[in-house]
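Position 556, counted from 1, in the sequence shown is what our numbering calls 557; the numbers after and before it change by one each time, with no gaps.
It is possible that some hints are incorrect.
As the list claims (entries may be wrong) - Dumping the calculated EDC-like pairs for lysine to aspartate or glutamate here, alpha-carbon to alpha-carbon at most 16 Å:
hint: 1; residue 1: 338; residue 2: 375
hint: 2; residue 1: 297; residue 2: 331
hint: 3; residue 1: 237; residue 2: 274
hint: 4; residue 1: 109; residue 2: 81
hint: 5; residue 1: 114; residue 2: 81
hint: 6; residue 1: 746; residue 2: 735
Said to hold, decoys possible - The calculated label-pair distances, taken between Cβ atoms and stated as ranges, are:
hint: 7; residue 1: 128; residue 2: 876; range: 52 to 58 Å
hint: 8; residue 1: 297; residue 2: 128; range: 44 to 50 Å
hint: 9; residue 1: 262; residue 2: 837; range: 22 to 28 Å
Think of the hints as simulated: they come from the structure by calculation, not from any bench. Glycine included, C-beta positions come from ideal geometry on N, C-alpha and C.
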Amino acid sequence: MSSQPGIHDKTFSQLPDERIKAARQLGALFEAFPDRRQAFEDLLRLCSDMDSEVREEAINSLKTVFPNVPEKELVWERFENLTAYPVEQVLKAAVDALITVFPLMPDKNRAWKDLIDLANSKSSLEDVGRGIISSLPNVISEFLDKGQAWKDLLEMTASDDPYIREKAISFLSMVFPELPEEKKGEAWEGLLELAGEAVDIHVREQAAKIPGKVFPFLPDDKKDDGWEEMLNLAGKTVDQVVQKEILISLPSVFSSVPDKKRAWSNIFMLTEDDREPVRKQAVDILVSIFPDMSDKNRAWSDFLKLTGARDMYVKDTSADALVSVFPYLEDKNTAWKELIGLTENEDEYIRKTAADALSKVFPYMSYKNQAYSDLENLDEKYEQDKEKGIKKPAFDFLRPTGEKDKYVRKDAAEPFSRVYSGRPDKEIVEELLRLSSDPDPQMRRGAIESLLVLYSRKSGKEQDIWRELLKVSGDADTGFRKDAAGLLSHVFPAVEEKPDVFFDLVRLTESQDTKLRKKAAELLASAFTYTDNKQSAWDDLLRLTSAEDREVRKGAVLALSSGYSEVPDKEKVWSDLIRLSAHSDSFVQRVATRSLGPAFFYVPDKTQAWRDLQVLIDNPYIYVRRYALQSLGRASLWRAFRAENEATYLFGLKEAVKYFKQGAETSIGTGIIPEFYYPFYEALLQVLFAERSSRLESERYLSEVTHGIMDLEENQRLLQILEEFTGLLRAAGELAPGDLPARKKLLEACIEAFDRSSGFFGAVEEDAILAQKTLKKEYPKSGKVIQEQKLKDVLSGIRYKARTACLQAKGKPTEKMACIVSQKVREWTFQDLERDRKKLDRQLESLLDILIIQIPYVPENTFIFENLENIRQEQDLLERYRRVGRLISLIPRVRMSSRA
Numbered sequence: 002m003s004s005q006p007g008i009h010d011k012t013f014s015q016l017p018d019e020r021i022k023a024a025r026q027l028g029a030l031f032e033a034f035p036d037r038r039q040a041f042e043d044l045l046r047l048c049s050d051m052d053s054e055v056r057e058e059a060i061n062s063l064k065t066v067f068p069n070v071p072e073k074e075l076v077w078e079r080f081e082n083l084t085a086y087p088v089e090q091v092l093k094a095a096v097d098a099l100i101t102v103f104p105l106m107p108d109k110n111r112a113w114k115d116l117i118d119l120a121n122s123k124s125s126l127e128d129v130g131r132g133i134i135s136s137l138p139n140v141i142s143e144f145l146d147k148g149q150a151w152k153d154l155l156e157m158t159a160s161d162d163p164y165i166r167e168k169a170i171s172f173l174s175m176v177f178p179e180l181p182e183e184k185k186g187e188a189w190e191g192l193l194e195l196a197g198e199a200v201d202i203h204v205r206e207q208a209a210k211i212p213g214k215v216f217p218f219l220p221d222d223k224k225d226d227g228w229e230e231m232l233n234l235a236g237k238t239v240d241q242v243v244q245k246e247i248l249i250s251l252p253s254v255f256s257s258v259p260d261k262k263r264a265w266s267n268i269f270m271l272t273e274d275d276r277e278p279v280r281k282q283a284v285d286i287l288v289s290i291f292p293d294m295s296d297k298n299r300a301w302s303d304f305l306k307l308t309g310a311r312d313m314y315v316k317d318t319s320a321d322a323l324v325s326v327f328p329y330l331e332d333k334n335t336a337w338k339e340l341i342g343l344t345e346n347e348d349e350y351i352r353k354t355a356a357d358a359l360s361k362v363f364p365y366m367s368y369k370n371q372a373y374s375d376l377e378n379l380d381e382k383y384e385q386d387k388e389k390g391i392k393k394p395a396f397d398f399l400r401p402t403g404e405k406d407k408y409v410r411k412d413a414a415e416p417f418s419r420v421y422s423g424r425p426d427k428e429i430v431e432e433l434l435r436l437s438s439d440p441d442p443q444m445r446r447g448a449i450e451s452l453l454v455l456y457s458r459k460s461g462k463e464q465d466i467w468r469e470l471l472k473v474s475g476d477a478d479t480g481f482r483k484d485a486a487g488l489l490s491h492v493f494p495a496v497e498e499k500p501d502v503f504f505d506l507v508r509l510t511e512s513q514d515t516k517l518r519k520k521a522a523e524l525l526a527s528a529f530t531y532t533d534n535k536q537s538a539w540d541d542l543l544r545l546t547s548a549e550d551r552e553v554r555k556g557a558v559l560a561l562s563s564g565y566s567e568v569p570d571k572e573k574v575w576s577d578l579i580r581l582s583a584h585s586d587s588f589v590q591r592v593a594t595r596s597l598g599p600a601f602f603y604v605p606d607k608t609q610a611w612r613d614l615q616v617l618i619d620n621p622y623i624y625v626r627r628y629a630l631q632s633l634g635r636a637s638l639w640r641a642f643r644a645e646n647e648a649t650y651l652f653g654l655k656e657a658v659k660y661f662k663q664g665a666e667t668s669i670g671t672g673i674i675p676e677f678y679y680p681f682y683e684a685l686l687q688v689l690f691a692e693r694s695s696r697l698e699s700e701r702y703l704s705e706v707t708h709g710i711m712d713l714e715e716n717q718r719l720l721q722i723l724e725e726f727t728g729l730l731r732a733a734g735e736l737a738p739g740d741l742p743a744r745k746k747l748l749e750a751c752i753e754a755f756d757r758s759s760g761f762f763g764a765v766e767e768d769a770i771l772a773q774k775t776l777k778k779e780y781p782k783s784g785k786v787i788q789e790q791k792l793k794d795v796l797s798g799i800r801y802k803a804r805t806a807c808l809q810a811k812g813k814p815t816e817k818m819a820c821i822v823s824q825k826v827r828e829w830t831f832q833d834l835e836r837d838r839k840k841l842d843r844q845l846e847s848l849l850d851i852l853i854i855q856i857p858y859v860p861e862n863t864f865i866f867e868n869l870e871n872i873r874q875e876q877d878l879l880e881r882y883r884r885v886g887r888l889i890s891l892i893p894r895v896r897m898s899s900r901a
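All chains should be modelled from the sequences, with the hints used to inform the complete structure.
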């Protein structure tokens, strides 16, 4: 260890590198020095060194030793002064130091004021204000005077810097819940004023998102008035975005409103608003909030009235909602008769919806004989009206009357299992297998779907549906193969004999059907785990990485990336992954290189593996370089994990942080690629060896990782993973200094946690890469033809409904599914209806597949599955998307727990 006098002398060296080294040693050895005062003064002096790199190192060291410095106020002032130094790395280091040490400041009120003054000062450099405001959440949590914080943030919404304005607004929702109760009323009024009257349109639109988030924290005696004030703001504003943001938050707010009947009446009145967007949003809100209405008869009556509305969207949506409300009614007989009355409506869609609703609500009727008699009477009336040439009757939509109703035979197969529920399961399955060979393709398709329903109840013991599915996947009918493909992921989990399934899937990847190939490829990773011959399976996957179909290549490399640890020949595995890092397919290239880090732990010849990674960091492809550096970081962790003394452990951890940082800083254009490794291991290093607060570092890690990630509030899976990592950082803070075995055990837990989440992190990164590529494409031109404009309007409505559903489902079992749907539909766009027709079909089918997988098939969800099938039957693209919009509104009320 170097002596303190020797390090002190180096601080006066003429060589900048010597002074940098001295500053670093002063920070690392501060606790061990006999004369801390001298070390403190040396660091203060180096903060004013004429060399910028020396200053930066001194700032970082002072930040590290801050808990033990003799004069904290003096250090704070020095950091504050350094924010005016016109060198980027110095001022950024100073800003970071101010944020980091804030929790340790004795006078936090003064420190808060200094930070706010720096952020608002016109003389401060831009990076200073932006750096402070971006890290303010870490400070707000430590600052007790939330009233002052609210006031300062509100003033910052008028900043000249648009970045500071928008960030300040976004933090208001963080402060409001912790305001004193007596100040919340005034804060609420200021928030609504900001949303309604701010000069900057972006400020108004950002502020409009906040009331819905903070409404539950209003005092109870203020909530009814708060609801009215939100509606008044939505009604009087001329800014359509503000109006939309306010209205979209109402479903999530409704459950907190004390007087729900009055709130319901407010929304009901908006269905007659002069503005079409308001009418549409109003009826969608009614559909979303009716489950929270105690008076379901009132909801039924109002939806029934709205079937006579002038607005076509209001009318159609209300008619669809009747099916959802019906099960909650006490007097179902009266409601049944009202539905029968609607079958005589002048509007064809209403007649069709009413007839469809009758068949869906039939199971809820107590007196089924009478209800069935009513349906038979409708059928007889259909025959009479047909002979008289009267308008198309409602029941024409429910029975097989002609070529245009070609799907009805399929519909006959679909409820087969419910109609004959009393027969033995095996007998039903055998009958449906017989139907699967019916000459009518629609009947075959319906039989397949019923097979799936029954199979889910049988756990594969009575009949191996997988074999039957493989047989029918070769059917000559394209639609039939398509449906068979959709069943693969449903049936696979229940197959008892899984070892051979992998090779079945490999054969299916060579099918002539695109969807069948894609679905089979998606299951390769899961099936690989069960196969007995891992080496042969690995070789098959390697072959598939050169398949013509990109989806097959994608599925194959993902399976390789997750299955390498189970293959006997680890040397071959490593060389194969190295070879794939030069693949012509960029996705294969990225996934293979990303996999090298965790694979390093298994390769026998680690010296050669290290050299291979060093070669890759000079690769001409940017993503290969990025992930090669990341893999070197993972490899360095292995060195730390195997360390026999603390010095080696520290060296390995520091080396890992260095490579993770280089990987994170690799230039990849203007897009933001989330970085998960560097922030975590940098924080771990600080907690273990710099004695930084584990709580502070865990909060900082969470802030850094989530910065720039879109739709974070909807990504619960990511939040759960990050919570696990923040827990590991907090655990690091509880370890005793110098306890190497405990530190190694903690590092092992960290490595395993990253291994478990590596697939998910890779998917998040791929989404960001795809988004970056999408931005480079020409923005779609609008208004080519009326049909295209209509479809764009429908897509906009779908996004709104999906976001509403996500908000409404918060805290409910359907939250994850609703928010996944919201994320998925947010990217739905098209440029040219004719050219993008296949894309539009694919994205819709993908959503339907997700819903079928996620929603349990229980009696309460029957109407959902019927809606899904109706969408798939519909031939008109515009109508298909309209129905999807209506279906999404129902998601929050899906029953997620299966019955025994």
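A quick look at each hint next to the structure:
1. 338 - 375: holds (9 Å)
2. 297 - 331: Judged against 16 Å, a Cα distance of about 9 Å means the pair holds.
3. 237 - 274: It holds: about 12 Å lies between the C-alpha atoms, which stays within 16 Å.
4. 109 - 81: holds (14 Å)
5. 114 - 81: Within the cut-off at roughly 12 Å; holds.
6. 746 - 735: Given that 16 Å is the threshold and the Cα spacing comes to 13 Å, the pair holds.
7. 128 - 876: 52 to 58 Å: Given a distance of about 57 Å, which is inside 52 to 58 Å, the answer is holds.
8. 297 - 128: 44 to 50 Å: violated (57 Å)
9. 262 - 837: 22 to 28 Å: Distance hint for residue 262, residue 837 is violated at roughly 46 Å.
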